[in-house]
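Heads up: the protein sequence lines correspond to chains W and H, in order. Taken in order, the first sequence gives residues 1 to 306; the numbers are from this note's numbering. Taken in order, the second sequence gives residues 1 to 306; the numbers are from this note's numbering.
Read the hints as simulated data drawn from the structure, not as lab findings. Note that the structure is predicted; figures quoted are calculated from it, not measured. Treat the hints with care, since some could be wrong.
Same chains, same label: a pair holds when it works inside one copy or across any pair of copies.
No more than 30 Å apart at the CA atoms, straight line, and that leaves these computed lysine-lysine pairs for BS3-like [said to hold, decoys possible]: (1) Lys225 / Lys282; (2) Lys143 / Lys59; (3) Lys222 / Lys282; (4) Lys109 / Lys222; (5) Lys225 / Lys59; (6) Lys282 / Lys59; (7) Lys59 / Lys109; (8) Lys266 / Lys109; (9) Lys59 / Lys222; (10) Lys225 / Lys266; (11) Lys143 / Lys282.
Number of protein chains: 2
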Amino acid sequence: MAEQDSGGGHGAEAGTRAEAVAEDTVMRDLLRLPVGERISLSSYDTSASSGDATDPRNKTDGREAVARMARPLADLQERLWAAGTAGDRRRVLLVLQGMDTSGKGGTVKHVVGLFNPVGCRVRPFGAPTREELEHDFLRRVEKRLPHHGELGIFDRSHYEDVLIGRVRALAPREEIESRYGRINAFEQSLADDGVTLVKCFLHLSYEEQRRRLLRRLADPRKHWKFSPADIDERALWPAYQEAYETVFERCATDAAPWYLIPADRKWYRNWAISRLLLEHLKSMDPRYPRPDFDVEECRARLQAQG
Amino acid sequence: MAEQDSGGGHGAEAGTRAEAVAEDTVMRDLLRLPVGERISLSSYDTSASSGDATDPRNKTDGREAVARMARPLADLQERLWAAGTAGDRRRVLLVLQGMDTSGKGGTVKHVVGLFNPVGCRVRPFGAPTREELEHDFLRRVEKRLPHHGELGIFDRSHYEDVLIGRVRALAPREEIESRYGRINAFEQSLADDGVTLVKCFLHLSYEEQRRRLLRRLADPRKHWKFSPADIDERALWPAYQEAYETVFERCATDAAPWYLIPADRKWYRNWAISRLLLEHLKSMDPRYPRPDFDVEECRARLQAQG
């Protein structure tokens, strides 16, 4: 993980800005998967750290580091939102993918929970409805995109159509094969339209998944999260890992990179994703809009009103 | 929370329960406006406390009290959400109304921010679009209701159609007059369908509004929240207060009461609304669903899988 360096640095901006931006791409550089390469997931440690000096060392460190990010994250989100009210079309789309129990829901709770809910659009993707199945697989995604100034969060996404879709052969092979390219074209069009895509794969070990499923079974307050179907899916683990590797080979692009998040340790996962979002928001550098009214005149009118 | 006998036992209703529920209606009883009565808003103090012994005394107290509610609120929300996955149709709809700067946005940030974002559906209501104007005024509201298990939040609402709608005569008088009854019928149908309505009026003083508007003008990071139109609306303050009084007289019902929140002090507003939500969620008493699968069999299958 440490020597990952993948993907190459998002070219140098000019002047003093370049340095600030460089500092703000540490995790992006370390966690980003290479573009157009076949990787082997088994060679990535599910409980690794990124290896960067800023990495928290333990749960306490990690939680404190996340808490320290809450304020800057919320401030940047407010600026993004404010800019959105004045014509800035930019927004962020966080895509969360991973096996059952890998922590997609936990990320929403602990990381997305740091933001102002008014600007967050959380969209879980379950099995498509009969009506959705009648349309192109990207149609239901288009309807749930974040609006300008928002942080959109997909808990699962259009990638399910080349994951469970592939593993369970839910569509003809040629149809599945055609989807990778269509996803890339779709994501490129989003990027061109001001969407910053942050696609995170929560990389969990087979053994840790078992522990988490057993923990769900042991706790009546967690039974509702469990389904016997989870065991059937788990039986297909190698096929899913292979389907993910194919996704990373074909759909990690410069416009929409994939990030691999070691997910066996929840606090590390929360920290890494918070950092990733912080780095992206910082380099987007959203600005409060200038007033389109005369501030002094308004002040005078207000004071005259009594 | 510990003795909650989570998930399983749906028993132990009567007796001890009655007391707990009584304790949990303190703020509901103190802040609820009377049904079917004309009140005079000027007789309600905008910086009052409810007078209950549990009231926080100052900002520090208030913030700590809100922080202490975070956990029980999130726990109850999770139970509501879990129940929703198993057929429980109940949900909560928090309606926020109040003059500009009264703190609707601040409530979303500081109170709704305590909940898991996955179960929150924040819906701001701006001026209706041309398309929305072609339909009944309740149509756009119906589309934005919370789903089962969710906490819905309306930042402004259908009440705007009898507030600015009345003050600015945006529709014929008879149309406006007819809306109060239609709102009551609509809210009754929501209540019958499992929606717990918590309608909060953030009661701000004229003087405090001026201070807040001036503060927005003084801070470039807040200019985007300001519009010169706010000054025009402020000039109509007495007409708005009268329109609110009419709302409370006609639309405070047993099925959907109105709560008056003294809003000059932000920390008190946050505390009071958090308490109100806590009381409502506690008396809804949502339960984790029982598993519809054989826990022991699933455990055995998982362990056999290795």
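* Asked: Among the hints numbered above, which are violated by the structure, and what are their numbers in rising order?
  -> The structure breaks only hint 2.
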